[in-house]
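S.K.: When you get a sec, could you build the whole thing from the sequences and use the hints?
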Amino acid sequence: MIQLGIRDLVKYPFLAETGEYLRDKGFNLEQLGHPDWKPIVEKAYGRIVVATTGQIYGSAIEDFENMDSEILSFVIAIVLLKSAGIPTLIKRFSLSEARRAERYLQRDLLQKKNETKLELPLKIMQDLFSVKVMTKEEDFVISVSDYLKRAVQFHEKEWKLINRRVENGFVFLTAHETVRLIRKELDGYINSKIQAVNIPSIPETFRERVSDLSLLAKKFSEYVTVSSDYPPCIKHAIEVLDRGENLPHSGRFMLASYLLSKGQTTDQIAPLFKNAPDYNERVTRYQLDHIAGSSGKGTKYSCPSCNKLKSENLCFEIPECSGIINPIQFGKKRTANA
Amino acid sequence: MLEKNVKLVNDAFKEYYFKHFELIHVPTRTSEREFGYQKFNDGMTRHLSIKDDKELHLLLMTQVPSDVYCSNAYYSFPNLPISEKDWKGADLIFDIDAKDLKLDCRTSHICCKCNSCQNIVKQGINCSVCGSTKLETISVPCKNCMSESKKEVTRLLEILTEDFGIQKEEIQVYFSGNEGFHVYVVNSDYQTLDSRERADLADYIMFNGIIPETLGMNKQNNSKSALPDVNERGWRGRVAKEIFGSKSKRAKIGQEILSGGYSVFQAKLEDWRPKIGVKIDPKVTMDIHRIFRLVGSLNSKSGLSKIMCKDLENFDPFSDACLLDDEKVEIIANCPISFKLKNKKYGPYEKEKITVPKYAAVYMICKGIADIN
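Top to bottom, those sequences are chains A and B.
Here the first sequence is numbered in our numbering, starting from 1 and rising by one per residue.
Here the second sequence is numbered in our numbering, starting from 339 and rising by one per residue.
Just so you know, these hints were derived from the structure itself, not from any lab.
There may be inaccurate statements among the hints.
[What the hints assert, rightly or not] List time: in silico DSS-like cross-link candidates among lysine-lysine, alpha-carbon distance up to 30 angstroms:
no., chain 1, residue 1, chain 2, residue 2
1, A, K157, B, K621
2, A, K157, B, K613
3, A, K274, B, K472
4, A, K136, B, K562
5, B, K437, B, K481
6, A, K300, B, K423
7, A, K310, B, K621
As the structure is a prediction and not an experimental result, all values here were calculated from the model.
M.R.: Put into structure tokens, the structure is as follows:
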């Protein structure tokens, strides 16, 4: 059993121990509504604002005087966010807080010579995310399966297993990579904690900042512009069929599911396959209807991801593909209205 | 398959199943698996549950399937439709097939059968009799196909044990019954991987997607010391062995690589991929709902059995998996390729009436290059 200090709670305020600590200290929501605590409400609001701009809220960890206010600002931020009930703000906040915790986890991991310091970050990863991290030589190692379950979420090539040192069932990682790997789970965990919080009513002194959050959220609506160009994988598939060459089943599935997701009908798509060496109109229509979900069990199939297409040798990446993870995103440009 | 051929093959399969119950067992965790089967000239029956060996043997006797399958996946409700099965995990399976190895020998042992007039031609894009373009490729694998496939299996086993830490006892190698091998990994750590995760694992094995940085080369500055060493483990070590061959060549070849620069190295990696990556079929590994040929059952593409290879090096599929009986059968063979079964050479035959052991007759009929007389 690890004894957590107040500094640990400042670093990782989402841990269950925070609640115990605040209860022991006698804090409650009613009391925090007193005007004397207004600066903490402001601090909490500031913490949310920082998060929404994509930055990471920095705590003065060494400042012993303000430890309680650091912890409280996290808790009050959650109260404000819950009261405003705006999913995009909660999402941005939990991601930013995850990245903040990530920094501390990394810092703690780097103290690996000091085994007691290493205990907490390893325990957090084991208890919260069921990842057993061990040290080996200068690095950290996790099992191949634990690695794959997380790393496939990343689209940068360096996260592919082939670009990792893999030995005896373990993947070698730096402290930074270890914590980066669990960012999404950390984010999900903090998010779920926020979702689980139940706030019956909030103190009057919080109300102003809650309505400010609604104004803040308005900044984040997005405009999406769409180009009509097909991605290179789809163009390639159409060209292959045009030439009367054989397109593998997986390529046909990709083409059909892509065009269906772009709103084309099976009637519009079926003629594309006419040149295929084994073309059979009845079979083509049956399969298209199946992919569209209008026959069979009614499951509508979505276009395979870029990763999957790469594995199937159906990807013909060009620079414009950068940042997309599925062909259907090709040509979409997001501009934040901020 | 022609009805007259079906009768012979069906009877041979039934006899095999009756005589070889000892080879055909339900796999472990039976009640969590999905079973399926096909009959000659009939569709697939899937989503079946089988309780035990007795029930399986009863199915073999009553249905006489051309092919029997079982899922690598474990489900709560294996006999419900896919979306309701409740997937719990699946053994990791790799498929190595001679036809995917791009072997030089292949052209010497394939022929084409016209789907319109059944004529058999050695090669071509049109039928020499009716001119149809609907030709089906028939492959009669040779010894080289099998030895090259075995080499791939051996390289796969090295990665599985050394890189992935899978114990030898957790790996089973099977001859697929036709042109390749199935490698099963029964290890709880890997059972819960989903399709995407298995795809990345497959890419690792195939040497797909490696970037020069992994091997110590980047766009900014490079040094020979960052290049891999032959003593390293994993892909770095394997690539080092490939590039340098020996330690003494390291300095010279290292210099060549560094002077070529990043993009040259990147292109080289792409060139090496087919040579050093293990040629598994990624689609098979990625598929977590697939049903695989049941161990001990016959493959309707050949009449050979899917059996475990206990001693891979000395395993000879054309003898060890050829388990039908040797009663003489008269057939008309139209087989432009010669092949060996049980150390006896057969063919080539040009529409010849011949008398051969049943296993050879079934082999040719299953391949589509002979008919019962």
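S.K.: Decide, hint by hint, whether the structure agrees.
M.R.: Taking the hints in turn, this is what the structure says about them:
no. : hint               : result
1   : A/K157 with B/K621 : holds (21 angstroms)
2   : A/K157 with B/K613 : holds (21 angstroms)
3   : A/K274 with B/K472 : holds (15 angstroms)
4   : A/K136 with B/K562 : holds (25 angstroms)
5   : B/K437 with B/K481 : holds (13 angstroms)
6   : A/K300 with B/K423 : holds (18 angstroms)
7   : A/K310 with B/K621 : holds (12 angstroms)
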